[in-house]
Amino acid sequence: NAGVMQNPRHLVRRRGQEARLRCSPMKGHSHVYWYRQLPEEGLKFMVYLQKENIIDESGMPKERFSAEFPKEGPSILRIQQVVRGDSAAYFCASSPPMRLLQETQYFGPGTRLLVL
Amino acid sequence: AQSVTQLGSHVSVSEGALVLLRCNYSSSVPPYLFWYVQYPNQGLQLLLKYTSAATLVKGINGFEAEFKKSETSFHLTKPSAHMSDAAEYFCAVSDRDDKIIFGKGTRLHILP
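Protein sequence lines, in the order shown, are assigned to chains R and G. Here the numbering used here is used: the first residue of the first sequence is 1, the next is one more, and so on. Here the numbering used here is used: the first residue of the second sequence is 1, the next is one more, and so on.
Derived by calculation from the structure, the hints in this document are not laboratory data. Just so you know, not all the hints are guaranteed correct.
Quick list of the computed label-pair ranges, beta carbon to beta carbon [as the list claims (entries may be wrong)]:
#, chain 1, residue 1, chain 2, residue 2, range
1, G, Lys104, R, Lys62, 23 to 29 Å
2, G, Glu66, R, Arg64, 41 to 47 Å
3, R, Arg15, G, Glu64, 44 to 50 Å
4, G, Pro79, R, Glu68, 44 to 50 Å
5, R, His10, G, Lys68, 39 to 45 Å
Computed cross-link-like contacts, DSS-like style, restricted to lysine-lysine with a CA-CA straight-line distance of at most 25 Å [unchecked claim]:
#, chain 1, residue 1, chain 2, residue 2
6, G, Lys104, G, Lys58
7, G, Lys69, G, Lys104
8, G, Lys99, G, Lys58
9, R, Lys62, G, Lys104
10, G, Lys99, G, Lys69
11, G, Lys104, R, Lys44
12, G, Lys99, R, Lys71
13, R, Lys62, R, Lys51
14, R, Lys62, R, Lys44
15, R, Lys62, G, Lys99
16, R, Lys27, G, Lys99
17, R, Lys51, G, Lys99
18, G, Lys58, G, Lys68
19, G, Lys99, R, Lys44
20, G, Lys69, G, Lys58
21, R, Lys71, R, Lys51
22, R, Lys71, R, Lys27
23, R, Lys27, R, Lys51
24, G, Lys104, G, Lys68
25, G, Lys99, G, Lys68
Glycine is no exception: its CB is placed at the ideal position from the N, C-alpha and C atoms.
Please build the complete structure, drawing on both the sequences and the hints.
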């Protein structure tokens, strides 16, 4: 059973370009979470999605950032007009659909974004 | 609002010595608590979690943590450190809204 997959693992962008980060959840998981880890910081929650729905985006910056989780295909975190401050590691996590208890979130290896 | 404080951004222990990583939390409701480990350039791996069952939680790789409500603590311990334990450790808290709040992490160094 493959784990959470993220690609690319490393992404370099120049200021003003767009960054697209992809996350394929574990098989059978329908909940996806995105977190951002700045240097020397812990992970900070950005957004929680289920298939075709954004459940909680309270951690998303109000501008330039968007996320989707379509019916088919991976979840996408899109950052438009990147700036140097967007340089970070972006982690995706997934969990199964049944939420009887706090289900474990399984993390992907992350995408390390560097903005030049 | 929930929060997590990890005391010590870096901890060094000798191989074979006790590992103690400290975590205090703040939560207005009974929390779920987690410890994750992150090896260099990798994602997070769950070590253990507390979900209001037994207060002493055993995890993988010989780690365990004890939930102490009176102290609002969830410290991580391992009796005997191994070189392979060198990594960054994150304590985290969640209530029931699916959002995990992470501490800033403690980097564990193992001295030979």
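Practice problem: Would you check the hint for Lys62 of chain R and Lys104 of chain G, treating anything up to 25 Å between C-alpha atoms as holding? | Solution: holds (24 Å)
Practice problem: Please work out if Lys62 of chain R and Lys51 of chain R have their alpha carbons no farther apart than 25 Å. | Solution: Roughly 22 Å between the alpha carbons, so the hint for Lys62 of chain R and Lys51 of chain R holds.
Quiz item: Under the criterion that the straight-line Cα-Cα distance not exceed 25 Å, is the pair Lys62 of chain R, Lys44 of chain R satisfied?
Solution: holds (15 Å)
Quiz item: Taking 25 Å as the top limit, are the C-alpha atoms of Lys99 of chain G and Lys71 of chain R close enough?
Solution: holds (22 Å)
Quiz item: Taken at face value, is the distance from the CA of Lys51 of chain R to the CA of Lys71 of chain R at most 25 Å?
Solution: holds (6 Å)
Quiz item: Is the Cα-Cα distance between Lys62 of chain R and Lys99 of chain G 25 Å or less?
Solution: OK: Lys62 of chain R and Lys99 of chain G at ~18 Å, within 25 Å.
Quiz item: Taken at face value, is the distance from the CA of Lys27 of chain R to the CA of Lys71 of chain R at most 25 Å?
Solution: Given that 25 Å is the threshold and the Cα spacing comes to 14 Å, the pair holds.
Quiz item: Taking the beta carbons of Lys104 of chain G and Lys62 of chain R, is their distance inside 23 to 29 Å?
Solution: holds (24 Å)
Quiz prompt | Hint consistency between Lys104 of chain G and Lys58 of chain G [alpha-carbon to alpha-carbon, up to 25 Å] | solution = Given that 25 Å is the threshold and the Cα spacing comes to 23 Å, the pair holds.
Quiz item: Is the hinted pair Lys69 of chain G and Lys58 of chain G satisfied, with a Cα-Cα distance of at most 25 Å?
Solution: holds (17 Å)
Quiz item: Is the straight-line distance between the alpha-carbon of Lys99 of chain G and that of Lys68 of chain G 25 Å or less?
Solution: Between Lys99 of chain G and Lys68 of chain G the Cα gap is close to 22 Å, so the pair holds against 25 Å.
Quiz item: Given the hint that Lys27 of chain R pairs with Lys51 of chain R, does the C-alpha gap stay at or below 25 Å?
Solution: holds (13 Å)
Hint violations for this structure: none, all hints satisfied.
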